[in-house]
Amino acid sequence: MHRTLLKYSFPFLILLIVWLGACLTPVQGQVLPLEQKNTITNNWLVQRPGGEELVPFVASAHSDYNAVHQWLSIAQAQPFRVAFAAPKDLCLFLNNRLVFKADSAANYTLDLAQFSRGTNPVEGKYLLTVWHPAQQPNVGSFRNAPLVSGEKPEAGERPFSVQVREYVNQNAFIVFMLLIGLIYGLLRANYLSDFHDQFDPNRFLRSNHQDNLTAGKALGSVSNMLFVLAFSLSLALLIAAIHTNVQHVRLFNRLFPVSEADITTKILFYTLLIFTVVMLKYVLLKLMAFVFGLERLVQLQYSEFLRSLLFMGLFLPLVMLLYLSLNTIMPEAVLLISTLSVSLVLVITILRVFYAVNKKASVIDLHLFSYLCATEVIPLAIMLELIVFNF
Numbered sequence: 001m002h003r004t005l006l007k008y009s010f011p012f013l014i015l016l017i018v019w020l021g022a023c024l025t026p027v028q029g030q031v032l033p034l035e036q037k038n039t040i041t042n043n044w045l046v047q048r049p050g051g052e053e054l055v056p057f058v059a060s061a062h063s064d065y066n067a068v069h070q071w072l073s074i075a076q077a078q079p080f081r082v083a084f085a086a087p088k089d090l091c092l093f094l095n096n097r098l099v100f101k102a103d104s105a106a107n108y109t110l111d112l113a114q115f116s117r118g119t120n121p122v123e124g125k126y127l128l129t130v131w132h133p134a135q136q137p138n139v140g141s142f143r144n145a146p147l148v149s150g151e152k153p154e155a156g157e158r159p160f161s162v163q164v165r166e167y168v169n170q171n172a173f174i175v176f177m178l179l180i181g182l183i184y185g186l187l188r189a190n191y192l193s194d195f196h197d198q199f200d201p202n203r204f205l206r207s208n209h210q211d212n213l214t215a216g217k218a219l220g221s222v223s224n225m226l227f228v229l230a231f232s233l234s235l236a237l238l239i240a241a242i243h244t245n246v247q248h249v250r251l252f253n254r255l256f257p258v259s260e261a262d263i264t265t266k267i268l269f270y271t272l273l274i275f276t277v278v279m280l281k282y283v284l285l286k287l288m289a290f291v292f293g294l295e296r297l298v299q300l301q302y303s304e305f306l307r308s309l310l311f312m313g314l315f316l317p318l319v320m321l322l323y324l325s326l327n328t329i330m331p332e333a334v335l336l337i338s339t340l341s342v343s344l345v346l347v348i349t350i351l352r353v354f355y356a357v358n359k360k361a362s363v364i365d366l367h368l369f370s371y372l373c374a375t376e377v378i379p380l381a382i383m384l385e386l387i388v389f390n391f
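Numbering follows this note's numbering, in which position 25 of the sequence shown is assigned residue number 25; successive positions increment by one, without gaps.
Derived from the structure by calculation, the hints contain no laboratory data.
No experiment lies behind these values; they were computed from the predicted model shown.
Just so you know, even glycine gets a beta-carbon here, dropped at the ideal spot from N, CA and C.
Treat the hints with caution; some may be incorrect.
[Claimed, not checked] Here are the computed lysine-lysine pairs in the BS3-like style, where the Cα-Cα straight-line distance is at most 30 Å:
1) Lys125 / Lys88
2) Lys281 / Lys359
3) Lys125 / Lys101
[As the list claims (entries may be wrong)] Here are the simulated distance ranges between beta carbons:
4) Leu318 / Met279: 23 to 31 Å
5) Asn95 / Val222: 55 to 63 Å
6) Glu385 / Lys286: 20 to 28 Å
Work out the full structure: start from the sequences and follow the hints.
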């Protein structure tokens, strides 16, 4: 019975992941009628060199164009709020008149109806131009931002501002939570011994040198890959939730400007990034140990790093459940708990690595301490800056 379950569980998991990917893939929306007012669409245009007419924009064929255009129908009687991710120096023109320039990389909202006043339309429409001096604008991030009920503009308010929060579709979070539960259930059913060894509190609290060496013998096994995948998904969900609550993640927008509405893309990207970082950590340790002449510590150090990370990652879905249930009621408290949870997972993992290494060789030694700073402390500081302390 156990062999039969093991035989069919992997094809079932693959089929389920493919089905989830198909369900979560963003569906191309219908093009609205031309007479639709105050709506931005995907009908972007570019002007070829030497030509006077605008042609449809195709990302693969027009990658060298820094200016992208769209004809808009604007009714000034109602707001026309547009949200978008903008790198520094991105400019927006309305009928060739500059209406916006990004002073930093962030997510912005802009009411185009305000800037259409006093500007004469061309055959009843206005030409919106998105331009950047050094790169092609990410027009895929442009979308309509709904006006919050009861919202009134304050006197002296700037024409554009960073959104603090918007409604977030939580379906993607829920589906990925189910996928995490499925992976842990698969591990519990097919790798019972590995599951108990990994999540045994007694072994985690009373770890010893021999346990670490034993755990490190199968670092490339299927069960370890599934453990890392489940952890990567859990941490990716929490990071996506944090970055969805905090709209102006400036440093990360410079690296990967993604629309806040595209939660699925962000979760998949974060998962792949975290999985790659965890797996390549062993390569980093090998390289740095060769430079410092401490090859004997690599197996112990990476085993403790992986074991601590995966054990504490088991509690991240609980934090995610807290986010899904209480974020609309007390978002500030949930945001604080989420950021503290991510920070504690990373910091406690590094402290346990120092403790495990100290059992074999004293970390007071300057040579060993420098090695641990290069392999643990500096990467930790970078991750905390990217995930937590950039807002």
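The hints, checked one at a time:
Taking the CA atoms of Lys125 and Lys88, the gap is about 28 Å. The hint holds against a cut of 30 Å. A threshold of 30 Å between alpha carbons decides the hint, and for Lys281 with Lys359 the separation of about 21 Å falls inside it, so the pair holds. With a C-alpha separation of about 22 Å, the suggested pair Lys125 and Lys101 falls inside the 30 Å cut-off, and the hint holds. Under the hint 23 to 31 Å, the C-beta atoms of Leu318 and Met279, about 25 Å apart, fit the expected range.
Hint check: Asn95 to Val222, Cβ distance near 60 Å, so the stated range 55 to 63 Å holds. At roughly 25 Å, the beta-carbon separation of Glu385 and Lys286 lies within the given 20 to 28 Å, and the hint holds.
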